[in-house]
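These protein sequence lines map, in sequence, to chains A and B.
Just so it is clear: in the first sequence, position 309 is 309 by the working numbering, and no numbers are missing.
Just so it is clear: in the second sequence, position 112 is 112 by the working numbering, and no numbers are missing.
Don't take each hint at face value.
No copy labels: a pair is met if it fits in one copy or bridges any two.
Straight-line C-alpha distance at most 27 Å; calculated DSS-like pairs for lysine-lysine [unchecked claim]: (1) K320 / K38; (2) K29 / K352; (3) K320 / K356; (4) K181 / K95.
Keep in mind that the hints were calculated from the coordinates and are not lab data.
Protein chains: 2
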Amino acid sequence: MNNKVYFTPGPSELYPTVPQHLQEAMAQKIGSISHRSKQFQEIYASAESGLRELLQLPDEYEVFFVSSATEVWERAMQNNVRRESFHLVNGSFSKRFYEMAQELGREAQQHEVPFSQGFELESIHVPETAELVALIQNETSSGACLPVEDISRFRGKSPADALIYVDAVSSLPYPAFDYSKVDSVYFSVQKCFGLPAGLGVWLVNDRCMAKARDMQESGISIGSYHTLPSLQEKALQNQTVETPNVLNIYLLGKVLEDMNRIGIATIRQETEAKAAAVYAFLEQSSIFLPAVQKPEHCSKTTIVANTTIPASEVNKHLAKYDLQVGSGYGKYKESQIRIANFPAHTMEQVKKLLEKLRELEGLA
Amino acid sequence: MNNKVYFTPGPSELYPTVPQHLQEAMAQKIGSISHRSKQFQEIYASAESGLRELLQLPDEYEVFFVSSATEVWERAMQNNVRRESFHLVNGSFSKRFYEMAQELGREAQQHEVPFSQGFELESIHVPETAELVALIQNETSSGACLPVEDISRFRGKSPADALIYVDAVSSLPYPAFDYSKVDSVYFSVQKCFGLPAGLGVWLVNDRCMAKARDMQESGISIGSYHTLPSLQEKALQNQTVETPNVLNIYLLGKVLEDMNRIGIATIRQETEAKAAAVYAFLEQSSIFLPAVQKPEHCSKTTIVANTTIPASEVNKHLAKYDLQVGSGYGKYKESQIRIANFPAHTMEQVKKLLEKLRELEGLA
């Protein structure tokens, strides 16, 4: 029996109701039903409508299920970029999207700022030739975020035809986007939705759909089974092109029911309250210091701190109390810790974590 | 509580040990562990070595985890075909691979025979220009199979550089391939491995790896995150590029332990014994008739029968006894039934199914 509480930034703590939903899924034999059955269509419809409700998603948006956010990066390039994309880069994941564009033969431009820094909008010039503007709302590797109000300003800073893409992999449903000011948002279920990994969700509006169709009609290959038009054709029937991760779509629908019962306003308030508690602790700690300096760029959902005690030592201490935080990303593995603050984490658990981190002060 | 036994051709009946493995996964919090942790590497290694043992896979083969067999079709084209592929087509899935090649801008040639027919090797001419020869060992839509001995003859019939790909989506681990006579085999876990859907397994040998590297070095884009070299780089560390379906990789490893305990010889014998019982019933039935005529082309794992009673009526009758077969594929939806004969199905369950199908004789 593993009683550890995972504050790792994804995969992370499962949403508390997941084990019981999984048990129910086994009792209902959800793993055996056909992905072309009416029963599956109802499961699909439930997940989609639950998501629309929680995110307050406008009707012009489609909801597509793919295998990961990593897949979204590739499909975005194939379906929405003929030649050139523009990327805000301030960490490993935003960098990876930029590199992937190049691997797929696109010309990619970047505006890069150092790891742990947010972006100053005044200094960003979006090229006139950019067809896709890749924003990173929450950089999971560094804990730097881009405020929602800043995201909404990119439409005005970008060419009229450019599609604004937002990476919200490790933050949704927390950020209250103005969806009319962007064109696509994507995330993975193993972060804030507290599910097992293996499902990515890609939200696209009618502008993304139209661009994909334009590209296709002009004879460009936009992929095969996961083109936007193929995804849409099946989504209209509450189905997917391939046999999907049925179990995860079922679990997503169930967790969304739970989250909608609580309400997005409460989830956001709780996220902020827990984040405030963590940052207050970090500010007064002699061991930890928020890695991101400007408060408005400090992520509420993936909180990163520099640590004078190696991250592995921090986790060795926490393990005694069945707690675990994420180590730093890449070369920051030992010099930073990452604390996930997802809806699955309760204030009580956060307080226990901070109490045990505080104990390290005496040991340092 | 759903007590139905699913003889649908995938998703299908879960392997009987899956619910208990899933319960253990929850107790161990497998859904929360990092895909970069040592614990995940052990899970990955266990699934891979279990598969190598069960399939008696030679060392020159790599084992890669992707999201579906549908994804394999796309990646195969991107990584192993510069210009031209050749496809055996006798049903919906083999046809789809052929079409996908075209969607990805390749020139695809096909040798097509009617639905429900197998292939006569003498009449097949593999073009001298074919870089990939797509064989379909088991056409899930029609129940026609290509005997393993015939598959082994394609090396001699194909250009020396051509890569022989084998679709064994709904048959592995049953067919005892001579892996030295082919280059790639792929399958999905929701068929014969009795797992929830959402994971594809792609086996490739060193020839496939070399071709992908050649293409990459000559400046061709072979994709982004799921190129063969990227998959291999991570696989060498018992990891995947993206956050994968960790839970399914865990379950696959556990089911493989169970299957290896039973032994591949026993699994094959049981598959044959159950198939023989089903075909013996079909031969004497006045309602059902094997859809595939030549015995050597009759699949052992997805058995398809023409039915004079609409498939939906057959299932209405079976539902009274908590049984379900697959309906026919596409336009054969009502005129055929498909009976999965996977390792998850016991002889006792098969006998009960046949007994209840026999009852229909009196009602016809």
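To see whether the hints hold, each was checked on the structure:
no. : hint        : result
1   : K320 / K38  : between (48 Å within a copy, 19 Å between copies)
2   : K29 / K352  : between (38 Å within a copy, 20 Å between copies)
3   : K320 / K356 : within (10 Å within a copy, 57 Å between copies)
4   : K181 / K95  : within (23 Å within a copy, 42 Å between copies)
Violated hints are absent here; each numbered hint is respected by the structure.
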